[in-house]
Amino acid sequence: MNEKHPQAQPPRETMACDVLIVGAGPAGLAAAVRLKSLANEAGADLSVMVIDKGSEPGAHILSGAVMDPRALDELIPDWQARGAPLTQAVTQDEVLFLTRDRALRTPDLLVPDNLRNHGNYIISLGNLVKWLAGQAEAAGVDIFPGFPATEVLYDDSGSVVGIATGDMGLHRDGTPKENFERGIEIRARYTLFAEGARGQLGKALIARFHLDDGKAPQSFSLGIKELWEVPAACSQPGLVIHTAGWPMDKETFGGGFLYHLNDNKVALGLVVGLDYPNPTLSPYQEMQRWKTHPAIRRHIAQGKRLGYGARAINNGGIPSMPTPCFPGGLLIGCNSGTLNASRIKGSHAAMKSGELAAEAVFEALQSGRQHDSLSAYQTRLQESWLWQELEQGSNFKPWFKKGRAVGMVMTGVEHWLLPRLGVKKAPWRVKNSVADHLTLRPADRCSAKIYDKPDGKITFDLPSSVYLSNTWHDEDEPVHLRLSDSAIPVAVNLETYAGPEARYCPAGVYEYVNEGDAPRLQINAQNCVHCKTCDIKDPRQNITWTAPQGGEGPNYTGM
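In full-length UniProt numbering, the protein residues as written are 1 to 559.
Source of the hints: derived by calculation from the structure; they are not laboratory data.
It is possible that some hints are incorrect.
[As the list claims (entries may be wrong)] DSS-like cross-link-like pairs, simulated, lysine-lysine; straight-line CA separation at most 25 Å:
{"no.": "1", "residue 1": "Lys431", "residue 2": "Lys215"}
{"no.": "2", "residue 1": "Lys203", "residue 2": "Lys401"}
{"no.": "3", "residue 1": "Lys402", "residue 2": "Lys424"}
{"no.": "4", "residue 1": "Lys401", "residue 2": "Lys215"}
{"no.": "5", "residue 1": "Lys250", "residue 2": "Lys401"}
{"no.": "6", "residue 1": "Lys449", "residue 2": "Lys401"}
{"no.": "7", "residue 1": "Lys177", "residue 2": "Lys203"}
{"no.": "8", "residue 1": "Lys425", "residue 2": "Lys402"}
{"no.": "9", "residue 1": "Lys215", "residue 2": "Lys425"}
{"no.": "10", "residue 1": "Lys304", "residue 2": "Lys453"}
{"no.": "11", "residue 1": "Lys453", "residue 2": "Lys215"}
{"no.": "12", "residue 1": "Lys457", "residue 2": "Lys402"}
{"no.": "13", "residue 1": "Lys453", "residue 2": "Lys250"}
{"no.": "14", "residue 1": "Lys203", "residue 2": "Lys215"}
{"no.": "15", "residue 1": "Lys250", "residue 2": "Lys449"}
{"no.": "16", "residue 1": "Lys250", "residue 2": "Lys424"}
{"no.": "17", "residue 1": "Lys215", "residue 2": "Lys402"}
{"no.": "18", "residue 1": "Lys424", "residue 2": "Lys449"}
{"no.": "19", "residue 1": "Lys250", "residue 2": "Lys431"}
{"no.": "20", "residue 1": "Lys203", "residue 2": "Lys449"}
{"no.": "21", "residue 1": "Lys449", "residue 2": "Lys431"}
[Stated by the list, open to error] Ranges of calculated distance between the beta carbons of each label pair, as one might list FRET restraints:
{"no.": "22", "residue 1": "Ala89", "residue 2": "Ala487", "range": "21 to 29 Å"}
{"no.": "23", "residue 1": "Val423", "residue 2": "Gln9", "range": "41 to 49 Å"}
{"no.": "24", "residue 1": "Asp372", "residue 2": "Leu104", "range": "48 to 56 Å"}
{"no.": "25", "residue 1": "Leu306", "residue 2": "Val490", "range": "43 to 51 Å"}
In this text, a Cβ means the ideal position worked out from N, Cα and C, and glycines have one as well.
Kindly generate the complete structure, drawing on both the sequences and the hints.
Structural data, given as structure tokens:
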């Protein structure tokens, strides 16, 4: 489980740039485009580099997604003329509360403002990211996919000066293969970390610089998504449906989404809070069960499933956001927790944070600074419309931690009643108090969840779903899911919690197998879709997700 790397390693090659951005998602690419725009306006020669662990920009990107175009309007005002893949405007919102067999629709007049999507677009975020990457490259940004950043580089003063990418061509035991390639060092005057929720290096930076001191514990959910193609007669382009209630029990935060895109495509899925208490709950199986509800089934019953994926999202709100600034760089986008859980939207927030980061970095570079703390970013963030929006939505998930009824009532109060009284922000603040990994109860104190077998038409088994994610890892490479203590899975997780990792993972990575009379945890790392759930939910925080070799993982199409 804990492989060793070669004892004698050749030195790394070194590259240099002015600004390095780790992650080619909405935040990272928006930062890159904005930096180049500012440099061009000022006539400055600025080298900007973006690296990403995916095989190409967008390969690892997953979101619902309904997008607010506000940040894109600011970044690239003529995005429509440039062919941005925002073509399907939202035409109708439906908010449903589900019981086992019924769907109670919220009257349009009473739909809270956070779930109103007039002016937004139903998109494939992966396609948008590919387009943004093209815009960045056209502006002169260097983008290198297939390069996972696995180590932060520091100077003698402790400031961040760049990153190192992972070694490639290693056997499972850590010894080099014939095609072994040493990782490279990329050094920069400033480094922006835009890895998404629970980023590997972001996690390390938060710990090193104590960026979460005095903050509420971050809270996460797992989003599981499928993409379907339906007959033209069943397609309702522009329809957005959000659901609450069934199949979630009263102790579990969660809700469903179903979006009709153009081209007869339907994106749908379930978001499950990772603070759930019952260790026998399976988010994947809950999502399959949710599709059987008549209100959902009717949209896809005559369709064909095209894609599958999963990703953790952070939703603790402002009180859980780490300080984003440290010497030499910034955390941006979902790496810093900018997603607005109340709106179920993170793309526009990530993009805006990237734009603000670019402005702070450019200002520092113009004044001749490097490797210092960019506190101007936090000032810009807190003075922006994004901060105002996050202020309005910060209580959403913490309220639901107090129970479904409380959450639904307070969502109505804060996002329907108060705005109609002219109150822009609730005069109270609710904070998360318990980290998600601490919420599991012993299995003998919970009723075991029982799930039906898949029918192969609406519901599917896990292997066939992972197959649709186009996930690939070399089986003969070091396991990138690392255990701090190999005894804990059996002695604690299996003994006390009935082996929850075999259920919370939406890709079948973890399973308990018997060797003689002794059970052991088997890690099928080749199945990993990089959702980070194991890193978040393991009750002893014994599992650490690290980036595998470059380009490996899912290769999402149209997601």
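| query | Which hint numbers does the structure go against, in order from smallest to largest? | reply | Numbers 7, 11, 12, 16, 18, 20, 21, 22, 23 and 25, in rising order.
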